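Enquirer: All chains should be modelled from the sequences, with the hints used to inform the complete structure.
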Amino acid sequence: MILKNWPVRKEKVQHHYKLVIIKAIAACLLLMLLMPLGSFATTFYVSTKGNDNWSGTIAKANRTNTDGPFATVLAARNAIRKMKAQGPLQEAVEVLIEPGTYYLNAPLVFETVDAGSSSAPILYRSKGKAVFIGGIPIKNFMNENGRWKADLSGILQAGFNFEQLYINGFRATRARTPNKGFYTPQNVKETVIEKGTGRVATSAYQQVKLGGKNDNWLMAVTPEEKKDVVLTFYHKWDNTRKYISDINLDDTSLTIRGMGMKPWNPINDKSTYFVENYAAALDTAGEWFYDKKSRLLTYIPAANQELKNVQAYVPLLEQLVIIKGTKDATVANLSFQNLSFQVSGYKMSYPGQEPVQAAAPIEAAIMVDHADNILFSGCEIKNTGANAIWFRNNCSNSVIENSYLYDLGAGGIKIGATNIPDDATELTNNIVARNNIIQSGGHVFPCAAGVTIFNAAGNTVSHNDIADLRYSGISVGWIWGYKPSPSINNTIEYNNIHHLGWGELSDMGGIYTLGPSPGTVIRNNKVHHVFSYTYGGWGIYTDEGSSNILIENNLVYRTKSAGFHQHFGKENIIRNNIFALGNEAQLQVSRAEEHRSFSLTNNIIYFTRGELYKSHPKEHWLNADVRVDSNCFFAAGSAVVKYPGKTPVEWLQKQRDVKSIMGDPRFADAGKYDFRVKNKRIMQRIGFQPFDHREAGVYGSKQWKKRAQMPQHLIQAFSQLLDASHHDYTE
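Our numbering numbers the first residue of the sequence shown as -2 and each following residue consecutively.
Derived by calculation from the structure, the hints in this document are not laboratory data. Any given hint could be a false lead.
[What the hints assert, rightly or not] If you anchor each label on the Cβ, the simulated ranges turn out as follows: (1) V646 to E568: 26 to 32 Å; (2) T45 to N245: 29 to 35 Å; (3) F157 to D419: 38 to 44 Å; (4) P515 to P260: 30 to 36 Å; (5) G166 to S716: 24 to 30 Å; (6) V110 to D419: 24 to 30 Å; (7) K615 to E191: 41 to 47 Å; (8) D419 to A277: 48 to 54 Å; (9) D626 to G283: 52 to 58 Å; (10) S596 to A277: 55 to 61 Å; (11) Q700 to K289: 40 to 46 Å.
[What the hints assert, rightly or not] No farther apart than 27 Å at their CA atoms in a straight line, the calculated lysine-lysine pairs in the BS3-like style are these: (12) K267 to K186; (13) K305 to K126; (14) K192 to K210; (15) K259 to K192; (16) K567 to K615.
Note that the structure is a prediction, hence the values are computed from the model and not measured. Even for Gly, the Cβ is constructed at its ideal location relative to N, Cα and C.
Expert: Below, the structure written as structure tokens:
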């Protein structure tokens, strides 16, 4: 769907968003000023020792136990509703939640009636740490020969199923094979049942021939288990998750059903997969299996886990918080501070989940629609079955900041809807994600990104630490090609984006963009340690139609593929960046077009292996309309600077790199990834403006910065993968 009259209204809409941004900054400042501690006209209290029949206006229960705090946030929310029924709120209202654990049997829902106003905002907060759990605790584990077993018949209703289990704050692994790595199918044959009118058949089934050592697991699946076994396929940048429809032991094949495969990204003999959820796969520490028939949960503990100290949760809810206004009446002026939202699930319906880039339709533990001036500050969202938070339809002027998003089934923060609204004023805009830690994601949906901006404008993603994901760190835009896109004026700055891919998916970027993006700026980010399965472990990746983007002052290093890659786009500016230590290449272009594709100037490129300029075919760099000049190249070790073309003269005749130089930028300590430039003469000659890459990432206390540091064993494991990569892959 394209915005009605979008080309005609483009300048008007761009001007609209400039005004929106100015107003939003003022609104956010006003919201903060209105919420100093102790300035609330009314305070409601919530406590684990409270009672929803009390008034909630007293912090502690009185001696006669006749009044005191509420037991639930919903009771406080309803009390505010009663206040508003008597007339508009005149001053700010606070809900003060005592530290403790609160179990949710339904999501916390906030609707239009629950909105505050600019003069009377509503704040839900805790002085310590109030934890909201969307799951059921398992307290009846028994140790049987080294396996922990729990009968859940007294806890879960018959037929209730779950797909995640959290032990001591971390996600346990549902019984799978292989325990590490993946299998590869021998071949895949598709039969179309109903073609439909699009490029992808509306109904089809695929016969997956396993073959060789890959077929042993198939023999271990019982007929009763077959319908619950899940296969997750990895193909290029996407994943397909399906239940088994049929098994043929004679030729060791299986059948999955649903839509037809996408012709540009099918499952084939180059794909990988793993299998989960059958009893025989339960064979290693950290794995679990639930027998729905007997309702017996079995878990194999890790060496350091003791039964007496275990905290185990089965997820009950998929959403923990839902903020939903309407098109005509948004939910506004709500703030959530110092709250922890933990344990949510995801259940896959039959026949499974079709592949969609960035796991686009998958929802989040916190869903926000039709909302304005919403603040999440100092919060925690962890142990999710899907994404952490999604500002989806018609959201504006909202912030998530200083928050910890960890152990995520999909990604961290999603902004905007996947469709474009007919009315441009309903486009999600001015969402700010700053100073958050977003780590350990993609456990159910590996193709999800850390932060995804779909169709949304004027957003800012800054000073976040985004790491330990299977796909891209930040994805911006949702239009393929040069059709008009509303995703404009987005700012991606000062983020530390690292340790992505883990060699599981391909065609990814630390920062990935799509479609025309006038006003979008990518600056002062640090992107490093990106490792794809085959091709496409890029640092900054301007994909199909990416246009009018300014990319400056970024540090990119230790990527499997090039530090910068443009598939195709128009009039992008890449200046004053440092691209270092790409394994296969440093700079790459994949299409030569008649218009100006990009300008690449004033950059420093440092490498010890791989190509300098890469394209397939090689002539793309020569034939593309690009401005390349005033760069500095330094080939250390055995690396050699080679220009595109048969001779350097051929490249220079294109007026490329005429003013570029070769020289040592004299980094502070390249071996320790300190790329501050010390060679002032080099900087002057190419017009390079120094920047301090240490400013990228989270800010604040030492404790907060330390929390953003990945565990050393994961850093070492990732480096080993990247160091072992010597292959040059092409799509």
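Enquirer: All hints are to be evaluated individually against the structure, with a verdict given for each.
Expert: Against the structure, the hints:
1. V646 to E568: 26 to 32 Å: Given range 26 to 32 Å: holds, Cβ gap about 28 Å.
2. T45 to N245: 29 to 35 Å: Distance hint for T45, N245 is violated at roughly 55 Å.
3. F157 to D419: 38 to 44 Å: Holds, since F157 and D419 (Cβ atoms, about 40 Å apart) stay within the stated range.
4. P515 to P260: 30 to 36 Å: holds, 32 Å
5. G166 to S716: 24 to 30 Å: Distance hint for G166, S716 holds at roughly 26 Å.
6. V110 to D419: 24 to 30 Å: holds, 27 Å
7. K615 to E191: 41 to 47 Å: holds, 44 Å
8. D419 to A277: 48 to 54 Å: Given range 48 to 54 Å: holds, Cβ gap about 52 Å.
9. D626 to G283: 52 to 58 Å: holds, 54 Å
10. S596 to A277: 55 to 61 Å: holds, 58 Å
11. Q700 to K289: 40 to 46 Å: holds, 43 Å
12. K267 to K186: OK: K267 and K186 at ~14 Å, within 27 Å.
13. K305 to K126: holds, 24 Å
14. K192 to K210: Violated, at about 34 Å.
15. K259 to K192: holds, 12 Å
16. K567 to K615: At roughly 20 Å apart (the allowed maximum being 27 Å), K615 and K567 satisfy the hint.
Figure legend: structure checked against the earlier numbered hints; hints not met, in rising order: 2, 14.
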